[in-house]
Amino acid sequence: MSHLENSSLNERFQHILKLMSSNAFLNKEGLGNKVPFFICPFNVKETVDFYDAIGKLKNQLLRKNIAVLEINLYNVVLDILNERNLFERIIETEKKLDKSQLMELFQSVLSVEDYIIPKMSKIMKENSFQILFITGVGEVFPYIRSHSVLNNLQKEAKEQPTVLFFPGIYNANNKTGSTLNLF
Numbered sequence: 194m195s196h197l198e199n200s201s202l203n204e205r206f207q208h209i210l211k212l213m214s215s216n217a218f219l220n221k222e223g224l225g226n227k228v229p230f231f232i233c234p235f236n237v238k239e240t241v242d243f244y245d246a247i248g249k250l251k252n253q254l255l256r257k258n259i260a261v262l263e264i265n266l267y268n269v270v271l272d273i274l275n276e277r278n279l280f281e282r283i284i285e286t287e288k289k290l291d292k293s294q295l296m297e298l299f300q301s302v303l304s305v306e307d308y309i310i311p312k313m314s315k316i317m318k319e320n321s322f323q324i325l326f327i328t329g330v331g332e333v334f335p336y337i338r339s340h341s342v343l344n345n346l347q348k349e350a351k352e353q354p355t356v357l358f359f360p361g362i363y364n365a366n367n368k369t370g371s372t373l374n375l376f
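According to our numbering, the stretch in the sequence shown is residues 194 to 376, in order.
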């Protein structure tokens, strides 16, 4: 996505709406054989306003008959923990663990490959959509990394454009590659 760092939230919203409602974006034109993944960074200070704008964006796209599926990673995590009857146990265990032990626990019970992607895949198969929005990235950091989600999601989400809303800075460089710097 175009980096409009110095633009107002409304200007960025209008730009994103125009881009996402274009036939070129919806038809994944100009990507060659690349996976249709896009990063939409935003300043972490804007999180509440940006999430409100994402809701408005979904409504505006729906008015243009463009179906959007939003998958919030935080909600996916809660669903997985509840489905596996781990939520209450983790709450109790959390009191006894230091940060590194807690991180290890979360990473083991919330493996991106074994749990997060299968859950996301199930949600995608149960819904009809033209664009996939991934939100909740900041809420699941550091135990779930967005690059890990995107790397593992490539097999599952290649038919429709996927937009990851990222609270931080995205640097794309042809020589050194891309980096995501959260917060």
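Source of the hints: derived by calculation from the structure; they are not laboratory data. Check the hints yourself; a few may be wrong.
Mimicking BS3-like on lysine-lysine, the simulated pairs with C-alpha atoms at most 30 angstroms apart in a straight line are [said to hold, decoys possible]:
1. Lys318 - Lys348
2. Lys211 - Lys251
3. Lys251 - Lys292
4. Lys221 - Lys257
5. Lys211 - Lys351
6. Lys315 - Lys351
7. Lys348 - Lys221
Note that the coordinates shown come from a computational prediction; the quantities given were computed from them, not determined experimentally.
Results for each hint:
1. Of the supplied pair hints, the one linking lysine 318 and lysine 348 holds, its CA atoms being roughly 13 angstroms apart against a limit of 30 angstroms.
2. With a C-alpha separation of about 12 angstroms, the suggested pair lysine 211 and lysine 251 falls inside the 30 angstroms cut-off, and the hint holds.
3. A hinted pair counts as satisfied when its Cα atoms are at most 30 angstroms apart, and lysine 251 with lysine 292 does not qualify at roughly 36 angstroms.
4. For the proposed pair lysine 221 and lysine 257, the alpha carbon gap of about 18 angstroms is at most 30 angstroms, so the pair holds.
5. Taken as a hint, the lysine 211 and lysine 351 pair is honoured in the structure, with Cα atoms around 22 angstroms apart against an allowance of 30 angstroms.
6. The suggested pairing of lysine 315 with lysine 351 holds, with an alpha-carbon distance near 15 angstroms, which does not exceed 30 angstroms.
7. Under the criterion of a C-alpha separation no larger than 30 angstroms, the hint pairing lysine 348 with lysine 221 is consistent with the structure, at around 16 angstroms.
In summary, the one numbered hint that this structure violates is 3.
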